[in-house]
Structures are given as structure tokens and as C-alpha cells.
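The primary structure of each chain is shown beneath.
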Amino acid sequence: MSLIHTRGSARIDSNLTPMIDLSFLLIVFFILVARMGGDQAPPVALPIPHDGAMTPSTATPRIAVNVLAETPSPAVTIGTRRFGTAEADIPAIAATIAQRLRADPKLSIDVRADRTLTYAQVEPALRAIGSAAELVGGTKVTVRVCALGGVSDGNE
Amino acid sequence: MSSRRATSISMSLAITPMIDVVFLLLVFFICTVHFERSEEVFVMDLPSRGATADPLALRDPPITIEVAARTEAGCALAIHAEGVGANPTSFDELSAVLKGLRRTKDHEGLYESTHQVLIAPSRAAQWQDSVDAFNAAVRAGFANIGFRESHP
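The listed protein sequences correspond, in order, to chains A and B. With positions in the first sequence counted from 1, the corresponding number in our numbering is that position plus 63. With positions in the second sequence counted from 1, the corresponding number in our numbering is that position plus 122.
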């Protein structure tokens with residue numbers, strides 16, 4: 064009688080430890096890169112400058128003035144508030160920005176405008192920011208133009 | 123004596139539920155993750171007005187960069203400054219011309235890097251081209267850049 068028949072049934076164990084390690088690493092990675100909850104910045108197709116010389120956007124408190132390319136006419140949003148881009152909308156936009164600036168003068172104002180818009184459609188937001196700076200009077204206001212990092216292929 | 127001969131208790135950790143939860147979390151994050159390019163900024167100059175402006179300050183004419191509406195041939199650009207006029211054909215060339223205007227230790231340019239540069243897009247110019255012109259001025263080393271209000 065050979066020895067091979069006297070052995071019991073073979074037991075195969077899988078070592079789960081490396082898989083669990085890897086899974087936890089992946090979860091930690093995703094938790095770190097995930098952005099939970101919506102901030103005040105809706106998705107906007109920002110300009111992509113060729114050979115951009117921008118500075119990284121630091122996590123300073125800011126007011127995002129978004130100019131969205133919507134049909135039939137573009138819209139300006141600040142937080143949850145929504146405005147048009149007509150001449151008549153400028154005072155309301157300026158008042159909203161000024162109200163936020165009075166509450167916190169250190170806020171920087173970020174202009175986030177869609178790259179497909181024309182300057183005529185973005186300009187009301189810029190003029191409203193200028194008016195808001197006049198309304199708060201004497202406060203040094205930091206205005207920043209937002210763009211996407213990286214190098215474009217020149218076709219965008 | 124028999125009480126000392128207690129059998130060893132086998133303790134095992136049930137890891138199956140933990141693995142289930144870990145995989146559920148993994149699937150959730152994989153499905154909801156959204157990678158995007160980082161957002162970066164140009165610091166824009168907001169012209170001093172009213173009481174904040176220094177009434178005694180000498181106001182040198184700014185360097186003005188005109189950006190026309192985009193056509194099939196591209197985007198027409200023009201630089202206007204005191205005694206300077208140029209029509210660069212690309213944003214790279216625009217940056218090079220502006221760099222030539224800027225005074226540095228090694229280069230006798232006409233203007234300091236703090237000299238005001240105004241981007242003057244036409245009303246029909248694309249925001250992308252306006253920002254490209256802004257970027258060209260930043261690349262050239264100018265620090266005091268803003269947009270000029272358009273006039274109807």
C-alpha cells in the first residue's frame with residue numbers, strides 16, 4: 064500500500080493578507096482624493112492656457128464668481144445665488160460680492176468663466192467685481208482668474 | 123488536577139464581513155471617483171479707483187494688448203505702448219515681444235515689470251484667447267496686469 068493513499072484530503076488555504084493590505088491602501092487613496100460634498104464651484108470648462116504660467120490655487124477662503132455658458136444666455140453664479148449677465152444684473156452681483164467682502168475682507172475673488180464665452184459675456188462679472196471693490200471702499204481686494212493647469216495641445 | 127487540564131480555546135477572527143465591507147467601499151470609490159486637472163490662478167490687477175487712487179501718482183500710459191475675435195486664420199493681436207506698436211501672430215510671439223519690452227538686469231527694456239499691462243479684448247473675443255493674452259504677459263514677467271473695460 065503506497066503512502067500516497069494514506070494521506071488525508073489536501074487542504075488549500077489562500078493567504079488573504081496581501082489582498083486586504085492592498086484593498087485598504089486603495090481605500091485610503093480614494094478617501095484622500097475624494098471630494099465629499101459640493102463646494103461653491105460648479106463644473107466650468109475653464110480656459111487652458113498654452114504653456115501656462117499660473118500659480119497653484121491655494122486653499123485660501125474665496126468667493127467663486129462663476130460665469131456659466133448656458134443657453135439661451137450665460138449665467139453668473141455666486142454660491143447658491145444666480146444672476147444674468149445683463150447690464151441690469153451688475154448691481155445685484157456687486158452687492159452680493161460686497162456683502163461677502165464686508166463679512167470677511169480677506170476673501171479673494173476667483174473669476175471662473177467658461178472658455179467658450181466671449182469677453183462681452185464675461186465682462187459684466189468683471190465690472191461687478193470692480194463695483195464691489197468700490198462699495199467696500201479702500202479694501203485691498205485680490206482678484207484671480209482661474210484656468211486649468213497643464214499644457215494644452217493648442218487646439219482648444 | 124483535572125481543572126488544570128482545561129483544553130485550549132481556539133479563537134479565530136471572522137474576516138469575511140470585513141472583506142465584504144472593504145470591497146463595497148472600494149467599488150463605491152472606484153465608481154464615484156472623478157479625476158480632473160488642477161485649477162490654477164492668475165492674480166489680476168484691479169485698478170485703483172476713487173479714494174484709493176493716489177492723486178499725485180504719475181500715470182504712465184499702460185501697455186495695451188488688443189485681442190480680436192477668433193477667425194479661421196487665428197486670433198489677431200496687437201500691442202500698443204508709448205512708442206511701441208507690434209502685431210504678433212501668436213501668443214508665444216506676444217510673450218516674446220513683451221519680454222523684449224521689460225527691463226531686467228541684463229536687458230535694457232522700456233518698462234519695469236511693475237508697469238501696468240491692460241488686456242483689451244474686443245467684445246467678440248473668446249475668453250480663452252483673453253486668458254491666453256493674460257498668460258503671455260505673465261510669462262513675459264509683468265506683474266501688474268488687468269483687463270480693460272470695453273466700450274460700446
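Just so you know, these hints were derived from the structure itself, not from any lab. It is possible that part of the hints are untrue.
To be verified - Some chain B residues well away from chain A (every beta-carbon gap over 12 Å; in silico): (1) Ser132; (2) Thr138; (3) Arg159; (4) Glu161; (5) Glu162; (6) Asp167; (7) Ala191; (8) Ser212; (9) Asp254; (10) Gly268; (11) Ser272.
Stated by the list, open to error - Reference listing, derived: stretches of chain A covered by chain B, where coverage requires no fewer than 3 residues with Cβ under 8 Å from a Cβ of chain B: (12) 84 to 95; (13) 108 to 118; (14) 184 to 196.
Treat the numbers as computed from the prediction; the structure is a model and nothing was measured. Every residue, glycine too, gets a C-beta built ideally from N, C-alpha and C.
Hint numbers contradicted by this structure: Hint check: 2, 3, 4, 5, 6, 7, 8, 9, 10, 11 fail, others pass.
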